[in-house]
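Engineer: Residue numbers (the numbering used here), protein chains in the order written: chain B, 206 to 433; chain L, 3 to 279.
Hint data in this document are derived by calculation from the structure and do not stem from the laboratory. Glycine included, each C-beta is placed from N, C-alpha and C at the ideal position. Wrong hints could be hidden among the right ones.
As the list claims (entries may be wrong) - Simulated crosslink set (DSS-like; lysine-lysine; CA at most 27 Å straight-line):
#, chain 1, residue 1, chain 2, residue 2
1, L, K158, B, K210
2, B, K405, B, K268
3, B, K276, L, K8
4, B, K210, L, K275
5, B, K321, L, K59
6, B, K321, L, K41
7, B, K220, L, K215
8, L, K52, B, K268
9, L, K276, B, K293
10, L, K105, B, K268
11, B, K293, L, K19
12, L, K158, B, K321
13, B, K215, L, K215
14, B, K219, L, K158
15, B, K220, L, K275
16, L, K52, B, K271
17, L, K41, L, K59
18, L, K276, B, K219
19, B, K268, B, K210
20, L, K275, B, K276
21, L, K276, B, K405
22, B, K220, L, K59
23, L, K215, L, K276
24, B, K268, B, K215
25, L, K215, B, K319
26, B, K215, B, K271
27, L, K105, B, K331
28, L, K215, L, K52
29, B, K405, L, K275
30, B, K421, B, K408
31, B, K271, L, K19
32, L, K215, B, K219
33, L, K276, B, K276
34, L, K276, B, K215
35, B, K215, L, K158
36, B, K271, L, K158
37, L, K8, B, K293
To be verified - Computed far set for chain B versus chain L, every beta-carbon distance over 10 Å:
#, residue
38, K210
39, N230
40, I240
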Amino acid sequence: MIEVKQISKKFGRKKILDGVSFTANKGEITCLIGINGVGKTTTLKAIMGLTPYSGDILIDNEKLTKHTYEKITFIPDAAIMLPQMTIKQAMEFMNDFYTVWNQDRADQMLEFFKLKLETRISELSKGNVAKVNLLMGLALDVDYILMDEPFSGIDMFSREQIADVFTSHLIEDRGVLITTHEISDIEHLIDKVVILDNGKVLKEFHTEDMRENEGKNVIDVMREVYRA
Amino acid sequence: MNRYLKLVNFELNRFRKIYVTLILLTLLSQIAAVLLLTKGYLNDAYETIKLENLTEKSYVLEYGGFDFTHITGSLLFLGPIALSAGALIFYIFLIWYRDWFGKNTFAYRLLMLPTSRVFVYLSKATAIFLMVLGLVAIQLMILPLENTIYEWMIPKTFLNYSMTIDSIINSNPLLRIIIPGTFSGFLINYGIGLMIMFILFAIILFERSYRIKGIIMGILYAAAVTAVFVTPLMAMGFEVIYLYPGELFGVLLILSILITGLTLWVSRWLIIKKITV
Chain B
206 MIEVKQISKK FGRKKILDGV SFTANKGEIT CLIGINGVGK TTTLKAIMGL TPYSGDILID
266 NEKLTKHTYE KITFIPDAAI MLPQMTIKQA MEFMNDFYTV WNQDRADQML EFFKLKLETR
326 ISELSKGNVA KVNLLMGLAL DVDYILMDEP FSGIDMFSRE QIADVFTSHL IEDRGVLITT
386 HEISDIEHLI DKVVILDNGK VLKEFHTEDM RENEGKNVID VMREVYRA
Chain L
3 MNRYLKLVNF ELNRFRKIYV TLILLTLLSQ IAAVLLLTKG YLNDAYETIK LENLTEKSYV
63 LEYGGFDFTH ITGSLLFLGP IALSAGALIF YIFLIWYRDW FGKNTFAYRL LMLPTSRVFV
123 YLSKATAIFL MVLGLVAIQL MILPLENTIY EWMIPKTFLN YSMTIDSIIN SNPLLRIIIP
183 GTFSGFLINY GIGLMIMFIL FAIILFERSY RIKGIIMGIL YAAAVTAVFV TPLMAMGFEV
243 IYLYPGELFG VLLILSILIT GLTLWVSRWL IIKKITV
């Protein structure tokens with residue numbers, strides 16, 4: 206389980222995160238929702254140790270160390286491999302550094318996304334960058350996957366293809382923590398929602414409970430929260 | 003350790019094209035210096051001999067002969083050395099900033115590798131140090147070749163004296179810095195070089211951690227450690243203290259070890275705890 210406990214973060218005088226706490230479980234898809242600038246990406250970066258913060262973050266009851274990077278991965282919304290690398294070279298790089306790199310799964314994803322090994326990262330469209338990022342993240346045999354806006358700025362067909370990943374064996378029983386604006390694409394797949402606003406958690410709920418107890422879906426709750 | 007070596011190899015490969023260009027430029031420019039300048043000197047000499055109706059020997063007595071120092075002092079010879087030094091100093095900054103400001107933010111990947119971030123830091127330092135040593139080694143290898151070509155082109159009568167590689171290096175202040183004649187000289191020059199590189203790395207890491215505030219913090223840190231390092235020299239300059247050369251060397255050695263150690267510790271703290279992507 207990823208436990209975020211009372212984390213705070215300031216940029217200059219502006220408080221981006223102000224005592225944010227929530228959990229994301231293995232085997233569930235947890236969605237971090239909020240309008241632009243509420244600190245969704247900052248929260249993911251804090252979990253990955255890519256920005257300093259105050260508070261505590263535990264991954265399976267342990268603080269982040271170098272070993273944790275074989276347990277959790279982060280898929281940002283832009284290309285992070287070197288532009289001059291081909292997809293093949295990027296995969297070799299991952300294979301070189303991660304003991305949890307799963308080549309079979311990487312090959313399956315290449316085929317699934319119809320990507321070519323010899324294509325350079327710099328030549329990829331925005332949609333294909335998102336697919337390569339997913340490939341690099343999901344081909345790792347990690348327990349938790351953090352995804353930042355995987356549907357941002359990409360065409361409908363690529364969105365559908367990426368959404369298909371969530372129902373495939375590629376996710377299996379891993380824990381996924383995702384931020385997205387395109388909630389409608391994966392609303393039916395989400396297990397848990399954490400709504401952020403002004404650096405605080407406004408609401409945290411399981412979608413099934415919400416549907417059963419209050420008859421509301423995620424978008425209904427979002428409307429309620431942001432109109433209030 | 004294995005991942006550290008892989009990272010060093012990765013960093014070296016990333017600079018490969020520019021590095022090979024620098025090597026080729028040095029080789030071509032210095033050999034061009036030998037060929038063109040030697041030919042130029044000889045043409046001038048023969049023209050003077052013809053005009054003044056001199057013999058080769060009387061020309062040498064009147065105007066002096068040639069030696070390899072004429073080549074090593076030229077722009078064509080020293081230019082590529084200065085250019086390579088400049089490129090490597092620039093690369094100290096580029097090796098970090100391209101991971102943040104390049105077309106893709108590779109810093110994400112580097113800092114999420116399942117290896118100590120200290121290895122990321124040390125791999126960049128090692129890559130630069132190996133590249134410096136590589137260029138120096140190449141300079142050492144091509145010097146005898148250039149000297150042989152030079153002595154082959156110059157008729158014996160015009161040659162003042164045949165220079166050894168040692169005497170060529172000692173005749174030029176820049177060559178003396180990059181290729182010191184003694185092991186202790188090597189340790190001093192490259193030890194100071196390493197210390198400066200680590201201080202520059204610390205300034206970069208301060209900036210990457212605290213942005214604009216970090217630039218000020220980095221500059222203050224660099225100013226503070228520089229002040230500590232030059233204090234014994236200043237104290238001697240103002241005759242506050244007097245140290246024998248051996249004592250001064252010992253004091254500076256201890257200070258440089260302390261400063262490098264502190265800088266490594268500060269950099270480790272920044273890259274593990276404070277850096278932001």
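Engineer: Would you check the hint for K276/L and K276/B, treating anything up to 27 Å between C-alpha atoms as holding?
Structural biologist: holds, 22 Å
Engineer: Do the alpha carbons of K8/L and K293/B lie within 27 Å of each other, as the hint requires?
Structural biologist: holds, 17 Å
Engineer: Is K210/B within 27 Å of K275/L, Cα to Cα?
Structural biologist: holds, 18 Å
Engineer: Run the distance test for K421/B versus K408/B: straight-line Cα separation, threshold 27 Å.
Structural biologist: holds, 14 Å
Engineer: Measure nothing beyond the straight line between the CA atoms of K321/B and K59/L; if it is 27 Å or shorter, mark the hint as holding.
Structural biologist: violated, 73 Å
Engineer: Keeping to a limit of 27 Å between CA atoms, is the pair of K41/L and K59/L held or broken?
Structural biologist: holds, 18 Å
Engineer: Against the 27 Å threshold, does the CA-CA distance of K271/B and K158/L hold or violate the hint?
Structural biologist: violated, 66 Å
Engineer: Check whether the Cα positions of K220/B and K215/L lie no farther apart than 27 Å.
Structural biologist: holds, 17 Å
Engineer: Quickly compare the C-alpha distance for K220/B and K59/L to 27 Å and report which way the hint goes.
Structural biologist: violated, 85 Å
Engineer: So if I understand the rule, the pair passes when the alpha-carbon distance is 27 Å or less; does K158/L with K210/B pass?
Structural biologist: violated, 83 Å
Engineer: Does the alpha-carbon distance linking K158/L and K321/B stay inside the 27 Å limit?
Structural biologist: violated, 65 Å
Engineer: With the threshold set at 27 Å, check whether the alpha-carbon distance from K276/L to K219/B stays at or below it.
Structural biologist: holds, 18 Å
When the structure is compared with the earlier hints, violations turn up for hints 1, 5, 6, 8, 9, 10, 12, 14, 16, 22, 25, 28, 31, 35 and 36 and for no others.
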